[in-house]
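Please put together the full structure from these sequences, using the hints given.
Using this note's numbering, the letters of the sequence shown correspond one by one to residues 3 to 280.
Source of the hints: derived by calculation from the structure; they are not laboratory data. Keep in mind that a hint or two might mislead.
[What the hints assert, rightly or not] Derived lysine-lysine pairs resembling DSS-like cross-links, with alpha carbons at most 27 Å apart:
1. LYS184 - LYS226
2. LYS214 - LYS128
3. LYS90 - LYS164
4. LYS44 - LYS55
5. LYS90 - LYS262
6. LYS149 - LYS128
7. LYS209 - LYS154
8. LYS128 - LYS106
9. LYS44 - LYS62
10. LYS209 - LYS226
11. LYS55 - LYS129
12. LYS236 - LYS226
13. LYS128 - LYS91
14. LYS236 - LYS129
15. LYS10 - LYS106
16. LYS44 - LYS106
17. LYS106 - LYS49
18. LYS228 - LYS214
19. LYS106 - LYS149
20. LYS44 - LYS10
21. LYS209 - LYS184
22. LYS55 - LYS10
[Stated by the list, open to error] Pair by pair, the computed Cβ-Cβ distance ranges are:
23. GLU256 - VAL122: 19 to 25 Å
24. LEU177 - LYS214: 18 to 24 Å
25. THR123 - GLY39: 39 to 45 Å
26. LYS91 - VAL122: 24 to 30 Å
From a predicted model like this one, the values you see are computed outputs, not experimental measurements. The beta carbon of each residue, even a glycine, is placed where N, CA and C say it ideally should be.
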Amino acid sequence: MNITGKIKECIIIGDPVEHSLSPVMHNAAYQELGLEGQYVFKAERVKSGEVGKMVNRVRKEGVRGLTCTAPHKEEVMQYLDEIDPIAKKIGAVNTVVNDNGVLKGYNTDWLGTVVPLEKVTELAGKKVALLGAGGAARAMAYGVVEKGAELKIYNRTVEKAKELASELGCRAGSLDEIREVKDCNIILNSTAVGMGERTGESLVPEKYLTDKHIVMDAVYVPLKTKLLTDAQLKGAQIILGTEMLLCQGVAQFELYTGEKAPEEVMRRAIEEPLLVCK
Numbered sequence: 003m004n005i006t007g008k009i010k011e012c013i014i015i016g017d018p019v020e021h022s023l024s025p026v027m028h029n030a031a032y033q034e035l036g037l038e039g040q041y042v043f044k045a046e047r048v049k050s051g052e053v054g055k056m057v058n059r060v061r062k063e064g065v066r067g068l069t070c071t072a073p074h075k076e077e078v079m080q081y082l083d084e085i086d087p088i089a090k091k092i093g094a095v096n097t098v099v100n101d102n103g104v105l106k107g108y109n110t111d112w113l114g115t116v117v118p119l120e121k122v123t124e125l126a127g128k129k130v131a132l133l134g135a136g137g138a139a140r141a142m143a144y145g146v147v148e149k150g151a152e153l154k155i156y157n158r159t160v161e162k163a164k165e166l167a168s169e170l171g172c173r174a175g176s177l178d179e180i181r182e183v184k185d186c187n188i189i190l191n192s193t194a195v196g197m198g199e200r201t202g203e204s205l206v207p208e209k210y211l212t213d214k215h216i217v218m219d220a221v222y223v224p225l226k227t228k229l230l231t232d233a234q235l236k237g238a239q240i241i242l243g244t245e246m247l248l249c250q251g252v253a254q255f256e257l258y259t260g261e262k263a264p265e266e267v268m269r270r271a272i273e274e275p276l277l278v279c280k
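Structure follows, in structure tokens:
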């Protein structure tokens, strides 16, 4: 499709970003609502240190939306005019909306965590283990703490986990303490372990997984990571990374367009290519 002055462009940036299904998901939604002549969603690889240049382009060219994935969710904040209070508290932005040259940052990732979890359990009072302490982890941690869960963050660099934990009033530990997850109700993986070069790996040894667990993975390529496969074999309830992608994407779509998102169309758009490749 040719980009004209009439078409509002939305771009997802990351490094890498080639694996992202956000363009497929958003473009399917545009088509469903008859908006394909008004909006188009693309992916562009942007390296660390080049985010400011990209934000300048958003202003100059009138790009409607900028979706940020790893590793840009924290770096992008310094270039924005306004930041939503929730995104400010999380300390990460995954959604930038351009309203006539004023760039405002939001975070919809926390909804990608909370909405799927609340479909299967009450979060208040639950013991939650979060693996990782990066940009995605910040949103996941905020979401479960906001809903009253008891959270402990596990990270290879324990200082980073402690820094995030101190902001949210929860606990932190190293991956050497991962055996503690056996006593948790919910296990969340925010790391890239399980995808790319680390496909077939998991931070949680199978022996610590039980049928009492709910296990959720931010990774969605492959559709079922080793962590989710191991958990399912133990009888645990699993939540696919596509549910996280979908729920944050629904909120993001509505910020970009002002229209109610066609959720089922978006779900099919992201699950079908993954089922074919499984």
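The hints, checked one at a time:
1. For the given pair, LYS184 sits about 21 Å from LYS226 by alpha-carbon distance, which is consistent with the 27 Å threshold.
2. Distance hint between LYS214 and LYS128 is fulfilled; the C-alpha atoms sit about 12 Å from each other, no more than 27 Å.
3. For a cut-off of 27 Å, the pair hint linking LYS90 to LYS164 stands: about 19 Å separates their Cα positions.
4. A C-alpha spacing of about 17 Å is found between LYS44 and LYS55, which places the hinted pair at or below 27 Å, so the restraint holds.
5. Between LYS90 and LYS262, the direct Cα distance comes to roughly 25 Å. Compliance with the 27 Å bound is thereby established for this hinted pair.
6. Between LYS149 and LYS128, the direct Cα distance comes to roughly 10 Å. Compliance with the 27 Å bound is thereby established for this hinted pair.
7. This hinted pair checks out: LYS209 and LYS154 have alpha carbons roughly 20 Å apart, not beyond 27 Å.
8. For the hint pairing LYS128 with LYS106, the CA-to-CA distance comes to about 33 Å; that exceeds 27 Å, so the pair is violated.
9. Using a Cα cut-off of 27 Å, the hinted pair LYS44 and LYS62 holds, with the two alpha carbons roughly 17 Å apart.
10. Of the supplied pair hints, the one linking LYS209 and LYS226 holds, its CA atoms being roughly 18 Å apart against a limit of 27 Å.
11. The straight-line distance between the Cα atoms of LYS55 and LYS129 is roughly 42 Å, outside the 27 Å bound, and the hint therefore fails.
12. A distance of roughly 14 Å separates the Cα atoms of LYS236 and LYS226; the hinted pair therefore holds under the 27 Å criterion.
13. This hinted pair checks out: LYS128 and LYS91 have alpha carbons roughly 22 Å apart, not beyond 27 Å.
14. Annotation: proposed proximity of LYS236 to LYS129 holds, straight-line Cα distance about 19 Å (limit 27 Å).
15. Taking the CA atoms of LYS10 and LYS106, the gap is about 16 Å. The hint holds against a cut of 27 Å.
16. A threshold of 27 Å between alpha carbons decides the hint, and for LYS44 with LYS106 the separation of about 20 Å falls inside it, so the pair holds.
17. Taking the CA atoms of LYS106 and LYS49, the gap is about 21 Å. The hint holds against a cut of 27 Å.
18. A threshold of 27 Å between alpha carbons decides the hint, and for LYS228 with LYS214 the separation of about 18 Å falls inside it, so the pair holds.
19. For the suggested pair LYS106 and LYS149, the alpha carbons sit about 25 Å apart, so the restraint of at most 27 Å is met.
20. Proposed proximity of LYS44 and LYS10 is supported: the alpha carbons are some 11 Å apart, at most 27 Å.
21. A distance of roughly 9 Å separates the Cα atoms of LYS209 and LYS184; the hinted pair therefore holds under the 27 Å criterion.
22. Proximity of LYS55 to LYS10 is assessed by CA-CA distance (about 20 Å); at most 27 Å being required, the pair is judged to hold.
23. The beta-carbon spacing between GLU256 and VAL122, approximately 23 Å, falls within the hinted interval of 19 to 25 Å.
24. Between LEU177 and LYS214 the CB atoms are about 22 Å apart, so this pair conforms to the stated range of 18 to 24 Å.
25. With their beta carbons about 42 Å apart, THR123 and GLY39 fall inside the hinted range of 39 to 45 Å.
26. Taking 24 to 30 Å as the suggested C-beta distance range, the pair LYS91 and VAL122 conforms, at roughly 25 Å.
Violated hints for the displayed structure, listed by number in ascending order: 8 and 11.
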